[in-house]
Amino acid sequence: MIDIEDLTIKTAADLLSKRQIKAQELTGAFLDRAHKLNKKLNSFITITDDVAIKQAKKVDELIVDNQKLNPLAGIPIGVKDLFSTQGIRTTAGSKVLENYVPVYDATVVSRLKDSGVVIVGKTNQDAWGHGASGENSDFGSTCNPYDLTRVPGGSSSGSAAAVAANLCLAATGTDTGGSIRQPSSFCNLVGLKPTYGRVSRYGIIAMASSLDSIGHITHTVYDNALILNITAGYDQFDSTTSPKPVDDYTKDINRGVKGIKVGLPKEYFESLDPGIGEKIISAVKILEKLGAELFDISLPHTEYGVVTYYIIQPSEVSSNLARYDGIRFGFDREKFGAEAKRRIILGTYTLSAGYYDAYYLKAMKVRRLIREDFEKVFKKVDVLICPTLPTPPFKLGEKITDPLSMYLADIFTVCPSLAGVPSLNLPCGFIGDLPVGMQIIGPDFSEKLLYQVGYAYEQETKWYQKRPDLI
Amino acid sequence: MKKNPKSVFRLETRSRRAIRNPKSEIDIDYVAKLANLPLTSKEKLTFSRQLQDILGYFSKLGEVDTQKVEPIGHITGLTDIVRDDQTAPSITQEEALKNAPRTHKGFFEVEAIFEEQN
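For the record, the sequence lines run as chains Y and E. FYI, my numbering numbers position 243 of the first sequence as 243, with every residue one higher than the one before it. To convert, take the position in the second sequence, counting from 1, and add 471; that gives my numbering.
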């Protein structure tokens, strides 16, 4: 049997196109591993053997027929359980939707299916996307493959754990305030939060509609760009998607960083684990050696990011979750878990008559100031580099009883979300056996540049080659 | 809708109080009713306490001067997005009802909301 532990999308696609392996064999190997390790990790809520085998068989037929295929054809992926999948149960990680089987696909899912991906399962997550640890799932916590006593990050917890443990080669995610970047950082993976409106939200269960960004998690930068090539672009079913033309994200990815101006926002280096600060600094030194120029810059409204985010987000959550009444699908509102209830109450309060101006409206004003901070610095520099999280992965159970301390884990990821700009998490080393990640943040629609910078760094370091030891 | 002068007054005083003192007491029963969310008495107690903490933390936003700042809309600046007013195929009635716990002759079935008058 083929060894799948060191594969990336690029190397697997190569094997498939040279007919050294069949899509069905590749899928079978990943499904076996998924079944074997899911008991340990709890990264999938549903494993979709039948669907995967059927999709793989179709790809094999196309290969035999000498059809020209997308590099994603035959690639086993996981889909976060927030994405509607036709005929496959979609729970959002909540018991409210435990029995819900969508009758249509999210736009991203249908685009990925058209490119020939093989869906091996629906990944676990903090219910409705609410959380930074995976512990708010109504289907049990997910473990970090690098240390099973620690959290994988969240809310795309299962997506990150599944890719890190090689149960699939990529997984979709959603990022409202860090839900892709954070678990990617905790699990040594490349995770993209695209510009707001670059990727369609249609068919994805909404969390906070003015913030939700749809991305994905992979081992390498190149793999990540391959997926954005499929998912990015205008969608008539999501009027907030941008009509701007989509780049070819893999083209010129190896252009390098010579002359690229990298800003280091001082506010992001103030209160963090010293080990993490060192990793980020040595990473930017590598980029400097490759020809990038470094600049100290300031984003003065950073300290208001978490407050602003935790007013806007629960407000929009309370509105979006109002539709779950158990009449058209799912169960009634008693089944909401503690965190969803907490956010519904908080958001309902901040939007209620008499408080709207003091909270939501005020926060939307400060949000403008936060965005203007980014607009100003991007007149001087091309990208920003900063930590993704102030600490390495924490222990399961460590923060679950204190919601406010859990919310503060989002301190470095919420500002790019509020500003709407894209941000790429990139692995930048380990503290002991625990992964550390950094963010590369760029102006609106600069995903191509983020990939170029990330790729240059990754070629020098190849942290993705260090996979967890699980069997 | 006709405006009730009494409720407008209530709205203003509340708003002022919230800005001045964001730690003002949260009426959990009122909010739970607005949210149509059934809570146990234990949950009410826990959430009241936790939300009080969080609202206390929110008062930090009072430090930012936003007198001359407009609230932001669509973040990358899209405005007035419309599509052609044309019909297109969608899901069938049968599909729309597929996940409904109770249906009646091709419709969603809900609890009656009016009581019969004797």
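Simulated from the structure, these hints should not be mistaken for laboratory data. Note that beta-carbon positions come from the ideal geometry of N, C-alpha and C, so glycine has one too. Watch out, some of these pointers could steer you wrong.
Claimed, not checked - Quick list of simulated restraints, FRET-style, between CB atoms:
| no. | chain 1 | residue 1 | chain 2 | residue 2 | range |
| --- | --- | --- | --- | --- | --- |
| 1 | Y | Arg89 | E | Thr558 | 26 to 32 angstroms |
| 2 | E | Ala559 | Y | Thr391 | 23 to 29 angstroms |
| 3 | E | Gly544 | Y | Gln459 | 55 to 61 angstroms |
| 4 | E | Asp536 | Y | Lys266 | 49 to 55 angstroms |
| 5 | Y | Asp50 | E | Gly544 | 40 to 46 angstroms |
Any hints this thing doesn't respect? Which numbers, in order?
2, 3, 4
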